[in-house]
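Novice: What follows is the residue order along each chain.
2 protein chains.
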Amino acid sequence: MSKPSTPFERSEYQQRLAKTRAAMAEAGLDVLFVTDPSNQAWLTGYDGWSFYVHQGVIVTLDHDPIWWGRHMDMMGARRTCWMSQDNLLGYSDHYVQSTKHHPMQELAEQLRTRGLERLRIGVEMENYYYSAKAHVVLAAALPTADLVDATGLVNWQRLVKSDAELSFIRKAARITDKVIQTAIDHAEPGIRKNDLVADILHAGVTGVGEDWGDYPAIVPLTPSGLDATAAHLTWDGTPMQSGEATFFELSGCYRRYHAPLSRTVFLGTPTEDMRRVEVAQMEGITAGIEAARAGNRTCDIANAFMRVMAKHGIERSGRMGYPVGLSYPPDWGERTASIRSEDDTILQPGMVFHFMPALWMDSWGLETTETLLIRDTGAAQPLCTVERKLFVKD
Amino acid sequence: MSKPSTPFERSEYQQRLAKTRAAMAEAGLDVLFVTDPSNQAWLTGYDGWSFYVHQGVIVTLDHDPIWWGRHMDMMGARRTCWMSQDNLLGYSDHYVQSTKHHPMQELAEQLRTRGLERLRIGVEMENYYYSAKAHVVLAAALPTADLVDATGLVNWQRLVKSDAELSFIRKAARITDKVIQTAIDHAEPGIRKNDLVADILHAGVTGVGEDWGDYPAIVPLTPSGLDATAAHLTWDGTPMQSGEATFFELSGCYRRYHAPLSRTVFLGTPTEDMRRVEVAQMEGITAGIEAARAGNRTCDIANAFMRVMAKHGIERSGRMGYPVGLSYPPDWGERTASIRSEDDTILQPGMVFHFMPALWMDSWGLETTETLLIRDTGAAQPLCTVERKLFVKD
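Residue numbers (my numbering), protein chains in the order written: chain A, 1 to 394; chain B, 1 to 394.
Derived by calculation from the structure, the hints in this document are not laboratory data.
A hint or two may mislead.
To be verified - Cβ-to-Cβ under 8 Å is the rule here; a few derived chain B residues that face chain A:
id: 1; residue: A132
id: 2; residue: W156
id: 3; residue: R192
id: 4; residue: V197
id: 5; residue: V205
id: 6; residue: G213
id: 7; residue: D227
id: 8; residue: G318
The structure presented is a predicted model; accordingly, all values stated were derived computationally and were not measured.
C-beta: ideal position from N, C-alpha, C; glycine also.
Hey, can you work out the whole structure from these sequences and the hints?
Specialist: Dropping the structure here:
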C-alpha cells in the first residue's frame, strides 16, 4: 500500500531525526509533538492537504516517529510516510470540528497508552495548526505532563539544507524563472489580471521538463498601481493599465520546496523618481548579496542594503527576508532567522534565504528580490536567472 | 486611497455587524477579537494574503470595527475595508516572527488605550490564526481582562446567506461547473496529473465571462487509484492510467465565495463492484437532497444517505458535509454545523452546504458531491449543473 518512494532517501530522514533529537535533548525534552505541516513532512514525508484538521507527529528519543491524525488522512499517511503502518494513528470523525469532542483528548489518550504522560513534552505554541484551544485541551487532558514551548525547534534544524534539498530548490528555481518570465511576457495593457494569473499558475504547475510543479505555499501576488503600495493583495478582474507598475511575487514549487522571486513590470514610461529608486534598489541588492556570505550575520545583509538606501535618501527599515525551503500554506518562510538589523544569525553554507528588500512607496511599489544560497566561500549565489531590473514595456 | 467598492454594500456590512453584536450581547461579551480571516472579511471587507502574520478585527458594541495588523498590511486594509482610516491600525515589523516581541503585546496596548482592558473579551480559541502562544501572551498582557472563548460566534452568523451572498455563490458555481467539466474533458490515459491540474487552475481563475476567478481555499484534490482511498492527497507528475478511478474535488471561487463539487472519472471499464457502489451512492445522494429541506435537521440528511447505504450493504459513517460560502485557506468549510448523525442543526432557507458523502473503499474512491441551497419550500437545490454520475471514458 505504500508509495514507491518518499521524496528523499531513508537515510536523509534518519539524519533529520538525529538532528531533531539532539535539539530535543539539549532542550530537555522527552517527547516532541510536531504540528507544523512543513516539520511533519520534513521528518516523515507526510504530504496532504489535511492540515485544516488537527494532526501531528510524535517524536521520542528512541522510537520511530508516529504520525497521528484523522482516520481518513491516516490513509494518506500510508501513501506518503516512510514509517511502518504501526506508527500511523487515525482518530474517528466524531472528533472533527465538534464542540463536544476535541482531537487533543484522543492524542492525550495515545500518549498515555505509550507511557508518555508524565514526561516533558514539547509543543509548537506559535503555529497556525496548534490552536489556543488545542493547547488548553491537551494540558487539561495530561495533567501530569510538563508541556513546554518548543516553537521553532524543528524549523531551526531545517535552516542548513542537505544536498538533496538543494537539488529540489534548484528545480523550484527553474520553475520560478518560468513563471516570472511568463508574467513579464504576458503583462500588457488590457489583459485582465486574473487571466494573467491563470497563465502564471498554468506555467508553474506544468513545471519544467520532468520536474512537475507543486502548489506554492502562497498564491501569486500581483498588485498594480496603488494596490502595489500594499504588500499582500491578491488579484481581481481589472485590466492592466498603461502608466502603472505591477509587482510579481511568485515561486515555483518542486515537491513542496520553494525559490521565491519578485520582479516589477512597468507598462509605459516610468517616472524619473521610479528610475531613481530602481537604481538605488539594484545597488542595494548587490551590496546585500556581497554581504551574504558564510561567517557574516543576517543583519549584515540588511545593514548593507540600508546603507545604500541611506546614501540615496530612501527610507527603508523592517524585515527584508527569511529562510525558504519546504513549506505549506499559509507561508513559504521558515519562521526562524530574519534578514533584519536586530537579527544576528550566523550565515552558514547551505542556508537559503529569500532576500526581499521591496520598496513600497506612497503611490507605487517596486519589488525586486532574490533567493540566495549561502556558499562555502564568496558572496551568495542567486538561484534564479531572470535579469535583475525594472522591466519596462512601452 | 480607498478602493472604488467593497464586494458588498455598506448596509450589508451593517446587518452583519448587527447580527454579530446581538450574539455578543447574548454571550455577555463587551469586545470580540476576530482572527478568522473569513470572519474578518465578512465583517469589514478586508482581503489579502496576510493571515500568516497576526492580525484581527476588534468589534465592540457601539463603535465601527477596528482592523489591526502589520503596518504593511494596514496599507492593504486601506484598499479593501469599508471603515475609515482611523479604524485601521498597523504594528511595526519588529513584532513579526520575532522571539523577543509578540504582536499580541501591541494588541493589548491598543485595547488598553481604548479603555477595553477590564472587559469581557471574546477570542477565537479554535482558529488557525490564533495560536496557543498568542493566547498566552494576550492573557498575560491583559491581566485585568476576562478572555472568553468565542470560537464560532461570527461563523454561526454566516450560516444563512444574504441574497447578495447567494448571487456570489451562484457565480462560483458557474465557475465550478467549468473546472469540473475541464477535468472530465481533459482526463485521459497518459496525461500527467500536474498538466491536468494546470488546466483546471487556468479554467478556474479565468472564470466565466465577467466573473473572474479568485483562488479557492483548497487546492485541487485529484487523486487516482490507490491514492483515491485517501481523502486529501494532492497531485504529482504521474501520468493517468487506464483502469483507474480519479476523483476531482474542486471549487470555483468568486470574490472568496465557494461552491465545491466532486465528480469521479474512470478511465477504461469500471468493475461491477464500482458500478454497484455508484448506483447506491446516486440513490443515497437523491435521498439526502430530499431530506435537505427547511425545518429538517442536518442529521436528517446524513441519516437519509446512510439508510440507503445500509440497504445496499455499504458501510459509511462519519461526517458528510458542512456549510460553505466565504473562505480563506486552509479550509472552505465554515466550521459550524456538520452533516452527520449527531448534529441537529435546524435547516433554514438560505443555508448552503457542501453535501459530501464520498465513499473511500479499500482500493479505490468514489466521490460525488453537491453544493446545496436550502430553499423556502421543497428539497434543496443543487447549485452546480454537471451531471451526477460516475464518468467513464473508454
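Novice: All hints are to be evaluated individually against the structure, with a verdict given for each.
Specialist: Checked hints:
About 4 Å separates the beta-carbon of A132 (chain B) from the nearest beta-carbon of chain A, less than 8 Å, and the hint is met. Taking 8 Å as the C-beta cut-off, the interface hint given for W156 (chain B) is violated, the closest approach to chain A being about 11 Å. Taking 8 Å as the C-beta cut-off, the interface hint given for R192 (chain B) holds, the closest approach to chain A being about 6 Å. Hint on V197 (chain B) holds. Least Cβ distance to chain A is approximately 5 Å, under the 8 Å limit.
For the restraint placing V205 (chain B) at the interface with chain A, the shortest Cβ-Cβ distance is roughly 4 Å, inside the 8 Å limit, so the hint holds. Proximity of G213 (chain B) to chain A holds as hinted, the smallest CB-CB distance being about 6 Å (cut-off 8 Å). Proximity of D227 (chain B) to chain A holds as hinted, the smallest CB-CB distance being about 6 Å (cut-off 8 Å). Checking G318 (chain B) against chain A: minimum C-beta separation of about 3 Å stays under 8 Å; hint holds.
Going down the numbered hints, you'll see the structure goes against just number 2.
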